[in-house]
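4 protein chains.
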Amino acid sequence: MSGEKKSGRERGEEWWRTGIIEMRPGVIRMRGYEIQDLIGRVSFPAMIWLMLRGELPTEDQAALLGIALGAAVDHGPQAPSIAIARMAATCGVGINNAMASAINVLGDVHGGAGEQALSFYGDIAAAMDGGAGLAEAVSSRLDRFFAGEKGYVPGLGHRFHPVDPRAPRLIELTRAFAARGVVSGRFADIAGAIEAEVATRKGKSIPLNIDGATAVIYGELGFPPPLTRGLFVLSRSVGILAHAWEQSAESDRNKGPLPKEWLWAYTGAPARSFPGDSE
Amino acid sequence: MSGEKKSGRERGEEWWRTGIIEMRPGVIRMRGYEIQDLIGRVSFPAMIWLMLRGELPTEDQAALLGIALGAAVDHGPQAPSIAIARMAATCGVGINNAMASAINVLGDVHGGAGEQALSFYGDIAAAMDGGAGLAEAVSSRLDRFFAGEKGYVPGLGHRFHPVDPRAPRLIELTRAFAARGVVSGRFADIAGAIEAEVATRKGKSIPLNIDGATAVIYGELGFPPPLTRGLFVLSRSVGILAHAWEQSAESDRNKGPLPKEWLWAYTGAPARSFPGDSE
Amino acid sequence: MSGEKKSGRERGEEWWRTGIIEMRPGVIRMRGYEIQDLIGRVSFPAMIWLMLRGELPTEDQAALLGIALGAAVDHGPQAPSIAIARMAATCGVGINNAMASAINVLGDVHGGAGEQALSFYGDIAAAMDGGAGLAEAVSSRLDRFFAGEKGYVPGLGHRFHPVDPRAPRLIELTRAFAARGVVSGRFADIAGAIEAEVATRKGKSIPLNIDGATAVIYGELGFPPPLTRGLFVLSRSVGILAHAWEQSAESDRNKGPLPKEWLWAYTGAPARSFPGDSE
Amino acid sequence: MSGEKKSGRERGEEWWRTGIIEMRPGVIRMRGYEIQDLIGRVSFPAMIWLMLRGELPTEDQAALLGIALGAAVDHGPQAPSIAIARMAATCGVGINNAMASAINVLGDVHGGAGEQALSFYGDIAAAMDGGAGLAEAVSSRLDRFFAGEKGYVPGLGHRFHPVDPRAPRLIELTRAFAARGVVSGRFADIAGAIEAEVATRKGKSIPLNIDGATAVIYGELGFPPPLTRGLFVLSRSVGILAHAWEQSAESDRNKGPLPKEWLWAYTGAPARSFPGDSE
Chain A
1386 MSGEKKSGRE
1396 RGEEWWRTGI
1406 IEMRPGVIRM
1416 RGYEIQDLIG
1426 RVSFPAMIWL
1436 MLRGELPTED
1446 QAALLGIALG
1456 AAVDHGPQAP
1466 SIAIARMAAT
1476 CGVGINNAMA
1486 SAINVLGDVH
1496 GGAGEQALSF
1506 YGDIAAAMDG
1516 GAGLAEAVSS
1526 RLDRFFAGEK
1536 GYVPGLGHRF
1546 HPVDPRAPRL
1556 IELTRAFAAR
1566 GVVSGRFADI
1576 AGAIEAEVAT
1586 RKGKSIPLNI
1596 DGATAVIYGE
1606 LGFPPPLTRG
1616 LFVLSRSVGI
1626 LAHAWEQSAE
1636 SDRNKGPLPK
1646 EWLWAYTGAP
1656 ARSFPGDSE
Chain B
1386 MSGEKKSGRE
1396 RGEEWWRTGI
1406 IEMRPGVIRM
1416 RGYEIQDLIG
1426 RVSFPAMIWL
1436 MLRGELPTED
1446 QAALLGIALG
1456 AAVDHGPQAP
1466 SIAIARMAAT
1476 CGVGINNAMA
1486 SAINVLGDVH
1496 GGAGEQALSF
1506 YGDIAAAMDG
1516 GAGLAEAVSS
1526 RLDRFFAGEK
1536 GYVPGLGHRF
1546 HPVDPRAPRL
1556 IELTRAFAAR
1566 GVVSGRFADI
1576 AGAIEAEVAT
1586 RKGKSIPLNI
1596 DGATAVIYGE
1606 LGFPPPLTRG
1616 LFVLSRSVGI
1626 LAHAWEQSAE
1636 SDRNKGPLPK
1646 EWLWAYTGAP
1656 ARSFPGDSE
Chain C
1386 MSGEKKSGRE
1396 RGEEWWRTGI
1406 IEMRPGVIRM
1416 RGYEIQDLIG
1426 RVSFPAMIWL
1436 MLRGELPTED
1446 QAALLGIALG
1456 AAVDHGPQAP
1466 SIAIARMAAT
1476 CGVGINNAMA
1486 SAINVLGDVH
1496 GGAGEQALSF
1506 YGDIAAAMDG
1516 GAGLAEAVSS
1526 RLDRFFAGEK
1536 GYVPGLGHRF
1546 HPVDPRAPRL
1556 IELTRAFAAR
1566 GVVSGRFADI
1576 AGAIEAEVAT
1586 RKGKSIPLNI
1596 DGATAVIYGE
1606 LGFPPPLTRG
1616 LFVLSRSVGI
1626 LAHAWEQSAE
1636 SDRNKGPLPK
1646 EWLWAYTGAP
1656 ARSFPGDSE
Chain D
1386 MSGEKKSGRE
1396 RGEEWWRTGI
1406 IEMRPGVIRM
1416 RGYEIQDLIG
1426 RVSFPAMIWL
1436 MLRGELPTED
1446 QAALLGIALG
1456 AAVDHGPQAP
1466 SIAIARMAAT
1476 CGVGINNAMA
1486 SAINVLGDVH
1496 GGAGEQALSF
1506 YGDIAAAMDG
1516 GAGLAEAVSS
1526 RLDRFFAGEK
1536 GYVPGLGHRF
1546 HPVDPRAPRL
1556 IELTRAFAAR
1566 GVVSGRFADI
1576 AGAIEAEVAT
1586 RKGKSIPLNI
1596 DGATAVIYGE
1606 LGFPPPLTRG
1616 LFVLSRSVGI
1626 LAHAWEQSAE
1636 SDRNKGPLPK
1646 EWLWAYTGAP
1656 ARSFPGDSE
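Chains as they are written, first to last, in the working numbering: chain A, 1386 to 1664; chain B, 1386 to 1664; chain C, 1386 to 1664; chain D, 1386 to 1664.
Chain A on its own, in the form it takes in the complex (with noise of 0.2 Å):
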């Protein structure tokens, strides 16, 4: 432009400026790569790789990453996001709609474990950037962890499963993966030592659950802490799909979330009459 004042679509083009995708007749482009180039030779994960990241992955990064994607997809209709998902494929909308319910809802509690367990294991690897050694990142992290922050500790424990057999093999396959020096193995030993130090402190084992283990691959393969969040939602929606696409198949309309038969408990005003009215 250099200098030349811009012309109104040249502004409102702009307006809508982005760096992921270049488009003209017979051309789209993905990061500067031609669409035609990348379909067939880049796997479903390293494309979303490219997209989030800008640059491709190497097959073993787009691996790893594809095997969180994989662990997380479902955990049954007694969460929240599945339950809607069910519920809304009989309300009589698009199968679209009903997982746009169900993803609107993993929000800070539903969704934002791993984000939170990232930021924890963060926090420490910047302890040790700046010269601290592990056991003492993590501990000065856990005792300001319980001195002033509330509830679990980001990444352990699971209010259902003693161990959630997901963790493990998660863990395992991250440690298989830095062997073979795809990534560093350093949010690995990060969530190992704390899952240690914390059964120090409470004599008890409260081990790594789901998000904690997500959240040491996506550490390790270098996503930021809030696309953790956006990475669970893309797993997650896969069961979200499968549950909404098994419900339709079935005959219920208007599904509550009880039996049909059954009412709620009313725990409000006793009846009464309207103001002036005489009973």
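Calculated from the structure, these hints are not laboratory results.
No experiment lies behind these values; they were computed from the predicted model shown.
All residues carry an ideal CB built from backbone N, CA and C; glycine is no exception.
Keep in mind that a hint or two might mislead.
As the list claims (entries may be wrong) - Restricting the straight-line Cα-Cα distance to at most 25 Å, the calculated cross-link-like pairs of lysine-lysine (PhoX-like) are: (1) C:1390 with D:1391; (2) C:1390 with A:1645; (3) C:1535 with C:1589; (4) B:1535 with B:1587; (5) B:1589 with B:1535; (6) B:1390 with A:1390; (7) A:1645 with D:1390; (8) B:1645 with A:1535; (9) D:1645 with B:1391; (10) A:1535 with A:1587; (11) C:1645 with D:1535; (12) C:1391 with D:1391; (13) A:1390 with B:1391; (14) C:1645 with A:1390; (15) D:1645 with C:1645; (16) C:1645 with B:1391; (17) C:1587 with C:1535; (18) D:1535 with D:1587; (19) B:1589 with A:1645; (20) C:1391 with D:1390; (21) D:1645 with B:1390; (22) D:1589 with D:1535; (23) B:1645 with A:1645.
As the list claims (entries may be wrong) - Now the stretches of chain B that chain C is said to cover, found in silico as 3 or more residues with beta-carbon under 8 Å: (24) 1419-1426; (25) 1454-1468; (26) 1476-1483.
Claimed, not checked - Among the chain B residues that face chain A by a calculated CB cut under 10 Å, a handful are: (27) 1394; (28) 1397; (29) 1487; (30) 1639; (31) 1642; (32) 1649.
Given the coordinates of chain A, assemble chains B, C and D onto it according to the supplied hints.
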């Protein structure tokens, strides 16, 4: 413009043209009226009417619209929309998000009955405009319904209430407004004639439900059928907000559809080994 | 229950307990009142109040609530929520879906200003309850704001309107209701004192905006800050519906943000070959 | 249960029955497989297949599914879904909420073309199963289309791309997989025959688009038409996430569709006085 080429900015601004609202710095006009002239002088239902229809209603018209909007605000947590609002409120999302996930499921099955009822009434009204008598027009439309369509006659019957207590009250009020000349009473007549004819054909009464009754009012007031669903969304949003708000005062986190110590019944493939693994 | 073990059904029904609505076949009670006693006797804003607060408002209270709800229904298609509603309406989804996508974005930035303003006023009111005078309480809260918080003083200023025409009208009405004893006028005083003190400190007037003004009304009426966002959703839903409806009468399909012959500016990596491919 | 009356808990648990996932403390099984047996041994597309179909795909089938999923991840910010994701990301909501508002609009018009294309192919396949030849089955289906349906032949043509660069590449890959016996190639034949016949009838080429090409792959792999939309949601979610993420790094707040100094064109009623007010 008179033949002149439009500038880019003009083209962009026209892309988003609307006849609803006009704005300049310090000026907001709705349908031509200064916003400060409307505030405090028209009721909330009258503002809804103005926004949707382009002209101000009479006070009586606005009052009747408000009656229909107030009647359908809630039907309890066994309605999927209400259950979704409550579950969403425990997932760490904003109250607007909880409301959106819930409103989103007011689709053809959960939110479309009023639209279907008003279309049905409209077919009969059109036949009457073409010269048919009420009984003839109703009978002929029902013949067509029973011959080719399936399910329930739109606006009649309720799976839970033998008589929906809202419906007779709404019809009574519509007739009172008709007696005062606010509306014609034509849609109340049509709904009543449908109800009577179905009772005769079926040999039992299948009374008007809330959707049939609000459709009568929306039809009397001149709203087209598809707006009926939009009005229902405005109405049910109130219950959705009330339930999300009540739930947010509780300590539940990730509230599922069943008590948390319950699971779901599994009906799928039995436990099996990964292909090729020995057992 | 008196110590007896609950049946499964009782446990399930309690899981969904609520104090808002009671239902039995043929019976619907809201907050203890028969629905048919409410219909036609309370206005739509009064029904909103009853649902959210548990008790019926006076007619004057309901009227003032309706005034605030009616004031914020729309701010035009440059608001993301309105643009989203219009684009969604061209994508082949229901009007409830278009409304949901739009309402969903009324978050901290787009829909949270009223909540922030009312919290700010509430801090000042609490200081006054503790014995501080109005000027002192305002000054001390603003000291804290300018020392530690950043951005705009909640409820003041508008990026587009030098004076938002809705705000002075809403304050004028609030004062009229206060003069009649409907409300105390305390929050109007607080907002006015903030406005004056900020003008003194900044050397220029930064007038109250719509969020600050509706927060005054909601505060006068006793609504807690988080409900302010919910009430804003109810209000803006009207404009969202009106725009979705207007758009749905047009022939656009998949309406994008810019005129369809425009693209977006691409700012990313230049065109490049897939790794290993010769150019 | 064998005739015994079910307990309330059993009834509640059956209400949420599913064949997708089985869970007990420490145990998670997907479609009968232990989750830890799946993690690291099946690709992400294979996990998607297992969840949706109930059985594991071959590696080749999963690879072809991944190709289709990777091809449709993004089509830039002029697509309403992408624009919505970017605007939502500036409104103070979570990344899951921004994704939900966007995914929600992938309806019949924005997200349904693949479903329509696959249904169209399926009609032709069914005619061939009934004994018709390819050319005859295609011709007869197109006769019906041009006689009674309107708009575009499903899967053909693009408003922007003379030739969509993704489509020929996807068909080339489908044929390569067919040559290796992974799929039959039947849907590629059908799509090719439709393309050729339409070109003959119209006297000009209207080439296959991305929806037509992915529908070929989903059909080859045995997915039913309605799942096509669900798969598209999984695919486009990647672009939606990438754009929401990119936008969230910018400082925009409440980003509207047009540059912020622009307005929209107002086309409605001229400025007018409130009824009864003197001018």
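Hint-by-hint comparison with the structure:
{"no.": "1", "hint": "C:1390 with D:1391", "result": "holds, 17 Å"}
{"no.": "2", "hint": "C:1390 with A:1645", "result": "holds, 23 Å"}
{"no.": "3", "hint": "C:1535 with C:1589", "result": "holds, 18 Å"}
{"no.": "4", "hint": "B:1535 with B:1587", "result": "holds, 15 Å"}
{"no.": "5", "hint": "B:1589 with B:1535", "result": "holds, 18 Å"}
{"no.": "6", "hint": "B:1390 with A:1390", "result": "holds, 19 Å"}
{"no.": "7", "hint": "A:1645 with D:1390", "result": "holds, 17 Å"}
{"no.": "8", "hint": "B:1645 with A:1535", "result": "holds, 22 Å"}
{"no.": "9", "hint": "D:1645 with B:1391", "result": "holds, 19 Å"}
{"no.": "10", "hint": "A:1535 with A:1587", "result": "holds, 15 Å"}
{"no.": "11", "hint": "C:1645 with D:1535", "result": "holds, 22 Å"}
{"no.": "12", "hint": "C:1391 with D:1391", "result": "holds, 15 Å"}
{"no.": "13", "hint": "A:1390 with B:1391", "result": "holds, 17 Å"}
{"no.": "14", "hint": "C:1645 with A:1390", "result": "holds, 23 Å"}
{"no.": "15", "hint": "D:1645 with C:1645", "result": "holds, 19 Å"}
{"no.": "16", "hint": "C:1645 with B:1391", "result": "holds, 15 Å"}
{"no.": "17", "hint": "C:1587 with C:1535", "result": "holds, 15 Å"}
{"no.": "18", "hint": "D:1535 with D:1587", "result": "holds, 15 Å"}
{"no.": "19", "hint": "B:1589 with A:1645", "result": "holds, 24 Å"}
{"no.": "20", "hint": "C:1391 with D:1390", "result": "holds, 17 Å"}
{"no.": "21", "hint": "D:1645 with B:1390", "result": "holds, 23 Å"}
{"no.": "22", "hint": "D:1589 with D:1535", "result": "holds, 18 Å"}
{"no.": "23", "hint": "B:1645 with A:1645", "result": "holds, 19 Å"}
{"no.": "24", "hint": "1419-1426", "result": "holds (count 6)"}
{"no.": "25", "hint": "1454-1468", "result": "holds (count 10)"}
{"no.": "26", "hint": "1476-1483", "result": "holds (count 4)"}
{"no.": "27", "hint": "1394", "result": "holds, 4 Å"}
{"no.": "28", "hint": "1397", "result": "holds, 5 Å"}
{"no.": "29", "hint": "1487", "result": "holds, 8 Å"}
{"no.": "30", "hint": "1639", "result": "holds, 5 Å"}
{"no.": "31", "hint": "1642", "result": "holds, 4 Å"}
{"no.": "32", "hint": "1649", "result": "holds, 5 Å"}
This entry satisfies every hint, going by the numbered hints stated previously.
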